[in-house]
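Participant: Listed below, chain by chain, are the residues.
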Amino acid sequence: MVSIKLMDKFKPLLLFSLFLLNISCFTLSDQQGVDNLWREESRVENIKVSETTQNEIIELFGPPSQIINLDSGAVFYYLLQEKKGRGMFLLLFNFKDEQVSYDRAIFFFDKKGILTDYGLSVENIERK
Amino acid sequence: MRENSSPISWPRILLLLLIIGLCSCTAISKKIDAERTLDEHSFILSETHYRDVIDKIGPPSKLSKYNDGLVFLYESIDIKERQLGLNFNYNIFRWLKFSYARGVAERETLLLIFDRDGYLVAKNYKEFKENLGSGQAVSFLVSIESLVDSSSLEEGPASLTWGSSLLKPLPETLNYPQNLGTGESGIEQLGVPDSVGQHTLELAD
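Protein sequences, first through last, are from chains A and B. This note's numbering applies: residue 1113 is where the first sequence begins, and numbers increase by one. This note's numbering applies: residue 479 is where the second sequence begins, and numbers increase by one.
Chain B with its partners taken away, still in its complex shape (with noise of 0.2 Å):
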């Protein structure tokens, strides 16, 4: 009996396997903005002037007129999301793939603040990750998805995006000059959830 008994092997493992559940995972990266290395320590507070700022790390990611002065804000983000997926050889079922992610995001923020004669009077660094969450989605076996919303830090500058700005629901138009990209009216981190602050006028959800 135990001669006629088959052995495994392990083409037939991997059969199995392919039978049971294909896993399809998937490994999604984004970086913005990030080859450049912030650090606030060579930066001498009421010594430092923003054109040593510039000259050693470059123009800022935003800035803005800050009472007398002006404020420079740099950022950096990596966005890293992983998909679990599985896939079941049997029928239609076999086209599609049921997928689980996460997401984080590590970020890098570097906050310069200067006086009216461009003088350093304040400064801040921070380097955090931030959770984006989890996704789930049924979708068809050959594609590449984001499952996780990290729209909200992916928002480019607000003069590439001025045009198609005007088409924005009408409180969010009309609250336009006010805009924290603009430059005029202060700055703002990307990511900050839109019922918060200046942006409660945009009677966002």
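Extracted from the complex, chain A is given alone in its bound form (with noise of 0.2 Å):
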């Protein structure tokens, strides 16, 4: 009887207890596509519109991820991508979030190989 009466007592201790102990939580992080080098300042105060080429740009930032074939000349297009996500598992309650973010460089070229327009992503992945 008294045993029964002290379980009571600790009942919500031993329940909160259990609780605790079902509690974990993870992290992922994931980085994948080419190096983002056009963050680099040093680089990108090398590159003037109009004098530029194509293979100073390649030079500079190595091969781009996409190269797509317009009438008017040539884009280099650069992407990294990073997944960033946490979770946490709380027994009756768990949640996930997961974010997808891209850096993005972009350049333009004339027939002649030459550097029209370029262009930065707002977003800036930090660098690993």
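Just so you know, the hints here were simulated from the structure itself, not pulled from any lab data. A portion of the hints provided could be inaccurate.
[To be verified] Looking from chain A toward chain B, a few residues come up when the C-beta cut is under 7 Å (computed):
hint: 1; residue: 1140
hint: 2; residue: 1144
hint: 3; residue: 1178
hint: 4; residue: 1206
hint: 5; residue: 1210
hint: 6; residue: 1212
hint: 7; residue: 1214
hint: 8; residue: 1229
hint: 9; residue: 1233
hint: 10; residue: 1234
hint: 11; residue: 1235
C-beta atoms are modelled at their ideal positions from N, C-alpha and C, and glycine is treated no differently.
Bring the two chains, given one by one in their own frames, into a single complex with the hints.
Facilitator: Structure follows, in structure tokens:
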């Protein structure tokens, strides 16, 4: 009888301990694509519209993710994808959040291979 | 008699709930390219050049040549899935949960078409919700799995998957040069069914 009363007294504590024991969490991070060298100012300041050639862009940033052949000339498209996630298992309630971000750079050339325009994405992924 | 009847206390109610059915609800969220703000109003037909667009909102999610000019497609997706889970604290069922899930995708799409000189000739911005349907499953209690199929909205850029694309079924592999993700043959939004349009060449179900 005494032990049952004692159990009743500590039941909330036992239940709370059980709840705490079942907590687990995780994070995930993954990058895919080319190295986003266009975030280095020393490289970007070498780019000059109407002067820089395709070869110079490749030397600065490496091979592009995609080359698109337009009628007016080529487009070099650089892409870095980052996936970040976190989750928590709380037994009664679980959640998982994932975010996919892209860091992009794009370079337009004329038919002679001279840079006509370029642009960088607003998103900036930190290099690892 | 009344004095002998046990009063209902909150630990007992809690215990009863644990025995009858332990809820194991889950919220899954996935944001794809959702950091930038898309807006068509700041772009004016026949005046805005593609360089102005890139300066303002950065390179597009997809681009392709289009007649003599080019086309930009910006996409942003926020997938939300809510799961209701039930667990019975009895025998082997205590290690399993019975889940029901519903999913919805909040999407933003901005399409911009430029002429051969690079000036805007057509534009459209759309913000809409897409019902991803529902799913049910019996799974291990300590697991977080998506039960709603949103894979068609989560396809990565073609440039990151071209290698694995060579291992796809033969009709799909043979159709790759005309693929709408390469930038040479047009563009398509994420989530387009495989049994329509250009994809019919892939003989999908």
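Participant: Next step is simple, just say for each hint if it's right about the structure.
Facilitator: Status of the hints after comparison with the structure:
1. This hint is violated: residue 1140 of chain A has a C-beta 12 Å from the nearest C-beta of chain B, more than the 7 Å allowed.
2. Satisfaction of the interface hint for residue 1144 of chain A is found here, the shortest Cβ-Cβ separation to chain B being roughly 5 Å, below the 7 Å cut-off.
3. For residue 1178 of chain A, the shortest C-beta to C-beta distance to chain B is roughly 4 Å, which falls under 7 Å, so the interface hint holds.
4. Hint status for residue 1206 of chain A relative to chain B: holds, with the closest Cβ pair at about 4 Å, below 7 Å.
5. A cut of 7 Å between beta carbons decides the hint on residue 1210 of chain A: the least distance to chain B is about 4 Å, and the hint holds.
6. Annotation: residue 1212 of chain A was flagged as interfacial toward chain B, and the flag holds, the nearest CB pair being 4 Å apart, inside 7 Å.
7. With 7 Å as the threshold, the beta carbon of residue 1214 of chain A comes within range of chain B, its nearest partner Cβ sitting at about 6 Å, so the hint holds.
8. A distance limit of 7 Å between C-beta atoms decides the matter here; for residue 1229 of chain A the minimum to chain B is near 4 Å, and the interface restraint holds.
9. Annotation: residue 1233 of chain A was flagged as interfacial toward chain B, and the flag holds, the nearest CB pair being 4 Å apart, inside 7 Å.
10. At about 5 Å, the closest approach between the beta carbon of residue 1234 of chain A and any beta carbon in chain B falls short of 7 Å, and the interface hint on this residue holds.
11. Given the 7 Å rule on beta carbons, the hint for residue 1235 of chain A holds: about 5 Å separates it from the nearest Cβ of chain B.
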